[in-house]
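*Asks:* Knowing the structure of chain U, use the given hints to seat chains F, W and A on it.
Chains as they are written, first to last, in the UniProt record's numbering: chain U, 1 to 482; chain F, 1 to 482; chain W, 1 to 449; chain A, 1 to 449.
Errors might be hidden in some of the hints.
Cut-off 30 Å, straight-line C-alpha distance, at most; resulting in silico cross-link-like pairs (DSSO-like, lysine-lysine) [claimed, not checked]:
| no. | chain 1 | residue 1 | chain 2 | residue 2 |
| --- | --- | --- | --- | --- |
| 1 | U | Lys-9 | W | Lys-352 |
| 2 | F | Lys-441 | A | Lys-189 |
| 3 | U | Lys-232 | U | Lys-221 |
| 4 | U | Lys-454 | W | Lys-305 |
In case anyone wonders, no lab produced these hints; they're calculated from the structure.
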Amino acid sequence: MTIFEKSVKGRKGYSLPKEELHSEASFSGIPGHLLRKDPPELPECSEVDVVRHYTELSRKNYSVDNGFYPLGSCTMKYNPRLNEEIASLEGFSYLHPYQPVETIQGVLEVMYDLQNMLAEITGMDAFTLQPAAGAHGELTGMLIVKKYFELRGETQRKKVIVPDSAHGTNPASATMAGFEVVEIASNESGLVDLDNLRAALDDTIAAIMLTNPNTLGLFEKDILEISEMAHKNGTLLYYDGANLNAIMGHVRPGDMGFDIIHLNLHKTFSTPHGMGGPGSGPVGVKKHLEGLLPVPVVRLNNDGYYLDYDLPNTIGKVRSFYGNFRVILKAYAYIKMLGKDGLKLASEMAVLNANYLRVKLSKLIPPSYPGTCKHEFVLDGSKLLKEYGIKTLDLAKRLLDYGLHPPTVYFPLIVHEALMIEPTETESKDNLDKFAETIEKIVEEARKDPEILKNAPYTTPVRRLDETTASRKPILRWRREK
Amino acid sequence: MTIFEKSVKGRKGYSLPKEELHSEASFSGIPGHLLRKDPPELPECSEVDVVRHYTELSRKNYSVDNGFYPLGSCTMKYNPRLNEEIASLEGFSYLHPYQPVETIQGVLEVMYDLQNMLAEITGMDAFTLQPAAGAHGELTGMLIVKKYFELRGETQRKKVIVPDSAHGTNPASATMAGFEVVEIASNESGLVDLDNLRAALDDTIAAIMLTNPNTLGLFEKDILEISEMAHKNGTLLYYDGANLNAIMGHVRPGDMGFDIIHLNLHKTFSTPHGMGGPGSGPVGVKKHLEGLLPVPVVRLNNDGYYLDYDLPNTIGKVRSFYGNFRVILKAYAYIKMLGKDGLKLASEMAVLNANYLRVKLSKLIPPSYPGTCKHEFVLDGSKLLKEYGIKTLDLAKRLLDYGLHPPTVYFPLIVHEALMIEPTETESKDNLDKFAETIEKIVEEARKDPEILKNAPYTTPVRRLDETTASRKPILRWRREK
Amino acid sequence: MSRFPYIPHTESEINKMLEFIGVKNIGELFNDVPHVFDFELKLPDSTDEFSVMRELKTLAHENLNLNEVAVFRGAGIYYHYIPSVINALASRGEFLTAYTPYQPEVSQGTLQALFEFQTMISELTGLEVANSSMYDGATAVAEAALMAVRVNGRNKILIARSLHPEYRVVTKTYCHSQNIIVEEIEYSKDKGQVEPEHLKNRLDDDVSAVIIGYPNYFGIVEDLQKIKALLDEKTLLVVVANPIALSIFEAPGILGADIVVGEGQPLGNHPSLGGPGLGFFATREKYVRKMPGRIIGEAKDVDGKTGYVMVLQTREQHIRRKKATSNICSNHAHNAVIAAIYMSLMGKEGLKEVALRSYDKAHYLFSQLSNMEGVKPLFSGPFFHEFVVSVEGLTVGELNNELLKHKILGPMELEKDFPELGNSALFCTTEAVRNEDIEFLLGRLEEII
Amino acid sequence: MSRFPYIPHTESEINKMLEFIGVKNIGELFNDVPHVFDFELKLPDSTDEFSVMRELKTLAHENLNLNEVAVFRGAGIYYHYIPSVINALASRGEFLTAYTPYQPEVSQGTLQALFEFQTMISELTGLEVANSSMYDGATAVAEAALMAVRVNGRNKILIARSLHPEYRVVTKTYCHSQNIIVEEIEYSKDKGQVEPEHLKNRLDDDVSAVIIGYPNYFGIVEDLQKIKALLDEKTLLVVVANPIALSIFEAPGILGADIVVGEGQPLGNHPSLGGPGLGFFATREKYVRKMPGRIIGEAKDVDGKTGYVMVLQTREQHIRRKKATSNICSNHAHNAVIAAIYMSLMGKEGLKEVALRSYDKAHYLFSQLSNMEGVKPLFSGPFFHEFVVSVEGLTVGELNNELLKHKILGPMELEKDFPELGNSALFCTTEAVRNEDIEFLLGRLEEII
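Only chain U is shown next, with the shape it has when bound in the complex:
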């Protein structure tokens, strides 16, 4: 039941100061047609109604706080409550973006330090914290690429190369920045095909977007060669940081030759996903691109921290103000907690967990590519489809009945019936074992009685929903029944 159906005319869940009004609703200066006739039909509820409604809704969600959440490329690690408490301090949450900088020195110190810490972790030279999410960071990066070539007068560079295994946001962001996307096929090992790449590289190519390790969880070991090819061609190399959790303290995108990088603070740096956001997608660049960053950049001089708007070659702004500050703050606290030893260990344990689970599950469902993975790996469910008529989707839905969240399914697109699994380092061996046992149980069910899977789930708040009809005849808002 929606909150609208719980509404009763005249009921009240709020209280406001009872100060007398200076002029009882005088709208004398306002043209009549600009005054609202029918007020917005918002619900009218008492406070306890609202508490019960959203408490109940929350209980219909699965979350990291409920259990294992091995969505590939999503890095669903534990989100420390310390960071939430910090972000709720009034000295951070009740700040106006246009306060004088003298009154927000604590904030600017956090931002300045985080810019530097991220630069150190990634091997880049300068960072902006402005982008609101990973894809927003990609867009920012692509705008920097665009501006870079504008300034160089190389306006013929209208294309961006993206491997076919890339996250969907990569081509979308490149397109949004006005580039044409050239997709190149991966080789049989799931890596960038150097021949394909070489063939595609010409003077129209502005950038190559890569993630390393890639979405298959495989490290692009030829990265130095790729980087050399790109730079020799005058092409910039862009790093999608969604998979950074695999390599912290082991290898830095900057050292691999990347010119631009975005990070997802809500993945690697543990700020919560919040049902899909807010995230934060800082962008780092090498020295030669620093002047193109969006304004303002946080800097320090003798008077303290300040907001520097004086970047003549800036791409401008990609959003209002300075970024998702309270998200940034959580990432800052996370890095402080883990430190250099913890960050490195986090990556190591993420990779250990992924490989442990990969080996465990490989006996049940073959991996799409052999060998050691990094933080995630991809299984090929097509055998299940062939043998039992079971789609990856069915297996995913059946996992819900066992109280577990399924992996990412049907991505990356280059694997048929893909199951993309990223356990993260915050899961214990017990949890991985339990997940593997459950998969084994489900595969056994598939063998014995595939109908069980095809009709799953059974125990969830709702069962399988008709998404096709929902998109064909969309009902996008509640309306009172006539």
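*Replies:* Frame of chain U; chains F, W and A shown alone:
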């Protein structure tokens, strides 16, 4: 699964400052037999394990935040989140009881004001906020009674009269204070039987403990006569404030002639019950008993607020420090929010809700006493037992399947198969209607197929538990299986 | 023994796992990473929760927070009262730590809350459909411009100069790369609104959309009806609204808006230095397939039970890739749920009362300032809860420095963004500014100016 | 329209309900209340959430909170670090707003958490059974005295004078009414412990129990084994323990304690001006039916599934009424759950580390103070994280006033409660006192004394 079974040796969910120790665990001064040999077997979990475990446990609870909770005499009203936010302010939560009074003036102001506000609401002259709960308040009150007669040299007053409809804590508290309890039977209207009372009153009676409205939800309309009889006999009149929610702003126990009162801030004043506590049970007295209150009392002089220990006739202390301060704070905020108009309306709507539901349900299950009730009422389930073999307990368990919390059952003891219902004012008409409809549905089930009820509940995290065996062969702690 | 509260592995488990995988040590798992990349992170060592909390509290105290001052500054981020219920509910782990609802069966909480949010935005804006959030007001405007171009294939955006300066900059940044022309429309120097006559002259067949604030950056309510009347049937009217104002002022959808976007921060979200905010986005039903962002729809499950799912995903980047309506992936779902809870609690009457009180205080302050020596109202257009005055005798910056000494966060200084307005200031009041704060401000202004 | 966010009734609903009941107005529902009682409440009118929050914040700021100072005061309430997880979990509505678990089927969260708490207390104390909480340390001691009398029918309680003064007062208050004699046992003036020889002389056939602190109020670890050896087989040894200390010091149950009680506040509960605290209570299995308070036990449901229920309720007031083991009804369940979460998070190693760090700092401070002019350790007995020194040259009160100026909450002044100790002070350190705080304190002491 318990948290102990989720423990893994060597796992860690905490972090402590890494300062070097001054003397690496030197216990040179400690006799060996006083050093612990086998450390306590506490669980070893990561932070996410702990978060998931207790999140999961919380989800196995029904609470006011989940729905209607009509437990009679428990006043399960909505607990405002504002009060929780206030109580979590560091300026209240991080205070040491032995800080200098100059550094806790804000706290003392709250306590002083609350003492006065409670005195105004109840018509008493002075309050202590020290008792930790209702029963603790009762004990405090009875200790005051005891001391009062000691001071007067009337040591023959060794008895306390308690009606048979009283809360179990009344006789227990009187006994605990060293009194002998005389139980008197109620009359056929459910009220104090004046003849019985008169017969019992002699010079051995120290006090009469009453609640008004009583546990049947009936107002003791002869209260002035009772009070006169008591006082003429030299007996003190004690008011159990558990049912104060019925009468705020309408009638004051002090005006009825009561000498001592306790309140349950966790009932009438909406501080949450917290699964059974902490509560707070302030005790109010008339002028002639003020000097007997436990120490310290909060007072105000020209230098500010202070803690007054100088009460030569004090009963002493009933607990450490000054009371459940953070609970007290929530009640303070609640009274501030509602004000005199809101408190009165709260009682009115509590009584309205009770009568509305009483009339609705009376058609299904007869009330144990006829006529208007106050904040609660009692139904007599013995008809259901006779006709369908259905016990009140069965009906209660079946309610759980419908996602509702049952009323208090089998209390008060003077009603067979009692169902004691207190809706409170924070429930809306819709919620009362829905509850009544559900009861109707269940009574219909009882008629058609009583087995449904006898085996209920079906949909809860566990089903009916074997409480008898659990008490006969108690297992009171977890132990690793051998 | 494990060393970190967030990393559960014990030595013994690590060894068992390595053995199971068949490698000798962790290093072997990184064998595919060339050793040329070896390096040592230069960061401080790990520390503990206690010390981090202590350090961050110190940094928090170095900032002046809005609860410590009387706030007369708005300019896009507003100081409203946030009832305690909001964070108590929104911080529940099941909301906070869930991912995008890719598995609807176990995400009904997220999906229904966002569906309710969409409904509320639809009600506020007077448009049929809304998405489930954008990053902020600025990006919502920018995406609206891109959407307009997708809808009608035209290539020029007219954006009111009276719109928030940052929104204009961001829109230009977004449009620039797609070679979409962005031109500004001047405001009337006396009314502070877009002048219909002026706009009329700028309209031609290339104009894809006209973007207007409602109220605009100066707090003034633009006459959408008059503006709409000037547009040909292809040109879209994009309105950038303050959601609080929409309980008092006519719904833009009713007045002809085709797209309504804005910053939803005032709906229960903390100021947070401006981030995270909440972009909202609504449009007409016929354009829904051109709309960016995630959209939630009602659906039935196999048993006929009502539930909610993400719909029209073929517009989105994870399906459509380079042909997506937008690259947006993570959005601001949590902020949208906060807004939904806020609107549920305040309700129809409460939101209106917030608007009314904000309006009333601003108009009182305006009338008092109008009579004050050295202060002059700049515009005559009708306004909501912000207005512009020019100040004589000292700069607005100097004035604000003085006010800050009295714990007043004074008006927004306009000269940098609007040099044509000279030494002027944008005042704002909300229901969270007390009458006594206004009188205190007036007293200080009398002294200072 | 309803007027209060907590009261949902609209005028129209009120009318419908009155009509349904068959009365004309609300007044009729109060007809049974004699009009002689009519009166007008003299309280301020209702106000709003914003104003209440503002007022209470102001009051909160009028207090000096422990996070603003270096804390060297313990004396029963201790300043330990409380990880953020604790309140995030404990404040979940399902914990906060549930009642006593009278319906176990929908209270398994409460019941299991308390069962786990009981297990942890049993582990800490080394006794077989624990209840699910008492109000605080003081009432737990008092109830232990009453229980001892119930167990052995004797009528005299010997209580160590080295026990917390407030615990002694409360125990006397409780015992007084039941005509139970309470006598104090002196402590040795050099060791600060109960002197076995002295105790021996006081023991006779009337002594129901001997109550001893562990550590005692002076921080000193009493030798329970020696004390136990003196008692006849009927006399109960009641030990009042600091739960944090029990990771380092031998479990009282092992050393012969029959009842172990104490204040559980240090286990993750805020200092809160001393309330709400958390009384814990453990005893030997054979006495379980004499134990006061609620007890949770394991049970099986009709399907054989494991669950938890309240057990042995026939001891309790709601069943047994005047013959109950105690009148306790509401207890401190929420504080017990907080303690359970804290102990789960800190675990075996963490709790020990807290104890160790507290111990280490105290011993360092003790050794430094021992060498300081004008300061003299009073006792030679082994101590945990508190110790007593006497001070020359100025009163402890004066000293503390000076320290407070440097943001130090100095030691507890003992003279009022222990005049025999003269101008002496009880210092305390916990893991939340930083080494630099100690050095800072030492520097100030050098200056002041």
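*Asks:* Each of the hints needs a verdict: does it hold here or not?
*Replies:* Structure-based check of each hint:
no., hint, in the structure
1, U:Lys-9 to W:Lys-352, "15 Å, holds"
2, F:Lys-441 to A:Lys-189, "74 Å, violated"
3, U:Lys-232 to U:Lys-221, "19 Å, holds"
4, U:Lys-454 to W:Lys-305, "18 Å, holds"
Against the hints set out earlier in the document, a violation occurs for number 2 only.
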